[in-house]
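Novice: These protein sequence lines map, in sequence, to chains L and D.
Start counting the first sequence at 18; every next residue gets the next number (the numbering used here).
Start counting the second sequence at 19; every next residue gets the next number (the numbering used here).
Keep in mind that the hints were calculated from the coordinates and are not lab data.
Glycine included, every Cβ here is placed at the ideal spot set by N, Cα and C.
Not one of these hints is a red herring.
So these bits of chain L aren't anywhere near chain D, every CB distance computed over 12 angstroms: (1) E482; (2) G514; (3) V520.
Using 25 angstroms as the maximum straight-line C-alpha spacing, the simulated DSS-like pairs for lysine-lysine come out as follows: (4) D/K372 - L/K418; (5) L/K205 - L/K217; (6) L/K217 - L/K265; (7) L/K217 - L/K39; (8) D/K372 - L/K421; (9) D/K217 - D/K67.
Computed Cβ-Cβ distance ranges for the label pairs, DEER-style: (10) L/G451 - D/W29: 28 to 34 angstroms; (11) D/W29 - L/R87: 37 to 43 angstroms; (12) D/W29 - L/P267: 54 to 60 angstroms; (13) D/P345 - L/L417: 53 to 59 angstroms.
Here is how the chains run, residue by residue.
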Amino acid sequence: MSPPAIELIAISKRFGPVQANKDVSLSIAAGSIHGIVGENGAGKSTLMSILYGFYEADSGEIRVAGRPLRIRRPADAITAGIGMVHQHFMLVEPLSVVENVVLGAEGGKLLKGGIARARAELARLSRDYGLAIDPDAIVGDLSVGFQQRVEILKALYRGAEILILDEPTAVLTPSEADQLFALLRSLKAQGKTVILITHKLREIMDVTDTVSVMRRGAMVAHVETARTSPPELAEAMVGRRVLLRVEKTPHPRGAPVLEAAGLSFRDERGCEKLSDVSLTLHAGEIVGIAGVAGNGQSELLEVLAGLLQPSRGLIRLDGEILDAGDRTPANLRELGLMHIPEDRHRMGLVTAFPAAENSILGYHDDPTFGPGPFLSPARIAAHALAGMTAYDVRPADPSLKAAKFSGGNQQKIVLAREIERAPKVLLVGQPTRGVDIGAIEFIHRRLIALRDAGVAILLVSVELEEVMALSDRILAMCGGRITGERAAEATDERDLGLLMAGVNQEAA
Amino acid sequence: MSATPIDLPRWADAGLVPLVSVTAALLVAGLVVLGIGESPLEATALLLKGALGSVEGLGFTLYYTTNFIFTGLAVAVAFHAGLFNIGGEGQATIAGIFLALACLWLAPLPGILLVPLAILAGAAGGALYGFIPGWLQATRGSHVVITTIMFNFLAATLSVYLLVNVMGKPGSMQAETPEFAGHAVLTPMHQLLAPLGIKLPATPLNTAFLLALAALVAIWALIYRSRLGYAIRTVGANPRAAAYAGISPARMTIVAMALSGALAGGLAVNEAMGVQHRLLIDFTAGYGFVGIAVGLMGRGHPIGVALSAFLFGVLYQGGAELSFDKPTITRDMVVVIGGVVILFAGALDGLFRKLVANTLQLGRAA
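Can you make the complete structure from the sequences, with help from the hints?
Specialist: So, in structure tokens, the structure goes:
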């Protein structure tokens, strides 16, 4: 029997006080697809970064195909036949596919020879793996799914025998994800080894042969995929039983609260990001927006939150038409429209500020926080502490910088701030992105409780499962348009997947 | 992956890092002194004695410190809004013109009205000259670093024109205004304290120093304790989060630049109203530029600004004494030493932060 493709033996890595990996051992058979699951911050990315040479382990050993190897930089990993496809693509968009593939492996001072060789090699790789791709296409013009193929081709061109994919489906539609899995299977059939890092248990079940679970820097389970189940994996990840389904009782919806009619938005380059979007939010309902990232959901949220001005269309709140002058973020907050932004690092928080100061972001003019033009640190800290306690933020330390909290706790700081203000309308973007399973459960329950209390909620998420689990009604978006509406109980992933790709079967 | 910003405990960030960089700067400066054949130890002793060794020396040191507090605070305030105000020189120049006009035109007023009005006029002039680049950046996207540098030249040229052709003393070859009236100037410290029985030698130190101390406290309260300061810091730390929070980054850019310009105007108050008692050409003498180093070294915090302003005050006064005592160490050498300090404290700061962080980490691991 051939030695395992990769063996990690007792790998440990510490960043200051944080033990990111402790005594991690892992063995992956050649020619298999191996999944690594774990919550955010469980140490998956650190482990793969050690394997790819971004960091060096403090102790432990790496063996590739049975031979001990010291990997000090990515170049060492590439030489050893390890390739990595990052979650955020490392592509040069204005260059063509073939130019991207040879980048860093041009093989000489002049491009000509390298390009010709790459072209021949690309043709062979495309044939072997059924990767149809035009070598002269400009990468920036390709869809996200194709860009990912370019990343995979890059790794293969460099002779990768072992391919690491970090959350590869985060940006794909369900059908693109299926194509990716087909590709992974054909790589496996050709004898390549694939390591798949993900937090989506369904993908693990679909495509992997074996799976490892990480929790708090340690490996807690190695199992054959065929002998496990999603609840078992989830329990191993969190260390306790979790409810994957959200408990939700039907709730009668109330009067319309937020109405948008014919909203269009053009960005500064004149590109139409929203076309003629109309929707109505009723009190006590959750309307979910399903769509692949970048199809206008972000713009819709920001237009409704007053951060972008629509080029056309009407917005009514409680039946009153809002003029452009009324639609400032400060005024909308005053009117009871709160917004949990999609990107908490870039918008929802000032990560350089302590949690206390983040707890008044958007409300710093509130007179309860201090006399006249001044702010009282004691009052702000008390306010922050109350919110952190109510939302179980750990550690409940208002003086700690927001950057120091985990993703889930950061999100809870934002939720506490916005929900505590008793919103009438809540716009929620990616509420559980980068949030661990335990916190996801908590956030979902809060959102349902708000709905039951009569709040109108608009939920935007790239996690189709989340949209389906929480929403009462689902709108699908594609290319800046709403391509269909479904009642949550009357649809499934396949149906929504088609809508998200712009195909409405009901209408057709 | 991406380099994470180095996080240090507050005491290390505010105290240890500047201390390490200043020490390194002094060592390098010592090597330069050694290179021209003088003893670095002797030079250091002379420098410290000149700056701190006598009441008179200390008076001069604090007079220089006053200038650096104002220009350093100006840089610090803009820095909190994420802006690099390189225009302290120009803003102080325009402040000087406004202030001189007030002192000359409003001379019939009694001193109790005239002095505050003249100070306000100076602050308004500086604020206006900071407002314009701020407004240009907010509305047109013209970067303040570029515009404030260019505005320095515009202010210098304007002041030459005004002092030579319009405001100059009649019949004088000097580019300067007539002397301000006796009740339009700030009281020197030695005169202020004489009635209390405290006898001090005559130095340029005047009540502008007290104004600078008040400015330190006021700016601390503004930045860290007020709603406006919160808005300014939010814009500086994360403009998108500011927009989300309903804070207009454009407005805060303009406000911070105007405030910064007004603070730079303090330089004109100290120099024109406190020391020269007239407006001289080029009275800013590079204090505005050194203020950039003061503001950066002080980490934008008023306490840090006060400490680094004092350090530069010591270097200026001690350096002047040093070049007087040691003819081989010329005024230019002193400028080199100051430059080395700026280089190490400002530009190479990241280097020392990393060093300090690694050392602390080792200490913890051991």
